[in-house]
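Student: These protein sequences, in sequence, are chains A and B.
So for the first sequence, our numbering puts the first residue at 1; every next one is plus one.
So for the second sequence, our numbering puts the first residue at 1001; every next one is plus one.
These are computed hints drawn from the structure, not numbers from a lab.
Any given hint might turn out to be false.
What the hints assert, rightly or not - A partial selection of chain A residues facing chain B, derived with a Cβ cut-off under 8 Å: (1) PHE9; (2) VAL12; (3) ASN21; (4) PRO39; (5) ALA41; (6) GLY42; (7) LEU43; (8) TYR99; (9) SER110.
Stated by the list, open to error - Partner residues are not named here, just some residues of chain B that face chain A (Cβ under 10 Å, in silico): (10) ARG1009; (11) SER1040; (12) GLU1057; (13) LEU1099; (14) VAL1113.
Said to hold, decoys possible - FRET-style restraints, in silico, Cβ to Cβ: (15) A:THR81 - B:ALA1058: 17 to 23 Å; (16) B:ARG1095 - A:MET55: 25 to 31 Å; (17) A:PHE9 - B:ILE1005: 30 to 36 Å; (18) B:THR1112 - A:GLN94: 31 to 37 Å; (19) B:MET1003 - A:GLN94: 24 to 30 Å; (20) B:SER1039 - A:HIS71: 46 to 52 Å; (21) B:SER1040 - A:ASP16: 20 to 26 Å; (22) A:ASP69 - B:VAL1012: 29 to 35 Å; (23) A:THR25 - B:SER1022: 33 to 39 Å; (24) A:VAL19 - B:SER1080: 40 to 46 Å.
Glycine included, C-beta positions come from ideal geometry on N, C-alpha and C.
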Amino acid sequence: GEDVEQSLFLSVREGDSSVINCTYTDSSSTYLYWYKQEPGAGLQLLTYIFSNMDMKQDQRLTVLLNKKDKHLSLRIADTQTGDSAIYFCAESIQQAGSYQLTFGKGTKLSVIP
Amino acid sequence: DAMVIQNPRYQVTQFGKPVTLSCSQTLNHNVMYWYQQKSSQAPKLLFHYYDKDFNNEADTPDNFQSRRPNTSFCFLDIRSPGLGDAAMYLCATSRRQGLGMEQFFGPGTRLTVL
């Protein structure tokens, strides 16, 4: 199947680092994404990584990919209250000739001031 | 700013009363998607259009239909909404299909069924 799994909740103190984890199942070459959803808003692409990479860094965000374990993580350094949101891991898969995103259920990040 | 717009943001309908949700985009993207997102669930793809070609997911109920009269607009029609259809409906676009093609999402329409 194409399940993407992630834990549902994470709570961190302001200024600490947050690490959100995700596992996926498709073993073919693919792109993996992290989207952010704030209350009442749509999904905003934060960053993505191709499956031939191990790491990608973009300002406060670091994505780590362990292909062997099919494990993806998003680290947010110096977490701020504005980072409180739901974070979705997604995998790009090819199905029936078209490319689709398969999402996890989302991890709700709560930042404690 | 180029964007994906969804109207209305909140929609209330009665059980069995047809409802239409609207999505428009100023990005001039070829592909438009409709997702259903229930509370604490992953967004689930209902269907997508690549230009005028309609692609339905195998498990999308017949109760859900879509129209794309031109590049900019796409509509989601729910013919006979049931209580289980209450959800957030997300519209997204991408320039084309392919691995790594970023999808741009609208703010969503939250549908309530009474």
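Student: Interface hint check: A:PHE9, Cβ to nearest Cβ on chain B, cutoff 8 Å. Holds or violated?
Tutor: violated (10 Å)
Student: Holds or violated: the hint that A:SER110 contacts chain B, with Cβ atoms closer than 8 Å.
Tutor: Given a least distance of 15 Å, the restraint on A:SER110 is violated.
Student: Are A:VAL12 and chain B close enough, Cβ to Cβ, to be under 8 Å, as the hint says?
Tutor: With a minimum Cβ separation of about 20 Å from chain B (threshold 8 Å), the hint on A:VAL12 is violated.
Student: Evaluate the given range 40 to 46 Å for the C-beta pair formed by A:VAL19 and B:SER1080.
Tutor: holds (44 Å)
Student: Regarding the hint that A:ASN21 lies at the interface with chain B, is the smallest CB-CB distance below 8 Å?
Tutor: violated (15 Å)
Student: Measuring from beta carbon to beta carbon, are A:ASP69 and B:VAL1012 in 29 to 35 Å?
Tutor: violated (45 Å)
Student: Tell me if the beta carbons of B:SER1040 and A:ASP16 are separated by a distance inside 20 to 26 Å.
Tutor: This hint holds: roughly 25 Å between Cβ atoms.
Student: Min Cβ distance, A:LEU43 to chain B: is it shorter than 8 Å?
Tutor: Hint holds; A:LEU43 Cβ to chain B Cβ min 4 Å, cut 8 Å.
Student: Hey, does the A:TYR99 contact hint survive, CB to chain B under 8 Å?
Tutor: holds (5 Å)
Student: Lying within 25 to 31 Å: is that true of the beta-carbon distance B:ARG1095 to A:MET55?
Tutor: holds (27 Å)
Student: Taking the closest Cβ pair, is B:VAL1113 under 10 Å from chain A?
Tutor: Because about 19 Å separates B:VAL1113 from the closest Cβ in chain A, which is outside the 10 Å limit, the hint is violated.
Student: Mind checking the CB of B:LEU1099 against every CB in chain A and telling me if the closest is under 10 Å?
Tutor: Since chain A brings a Cβ to about 5 Å from B:LEU1099, closer than 10 Å, the hint holds.
Against the hints set out earlier in the document, violations occur for numbers 1, 2, 3, 4, 9, 14, 15, 20 and 22.
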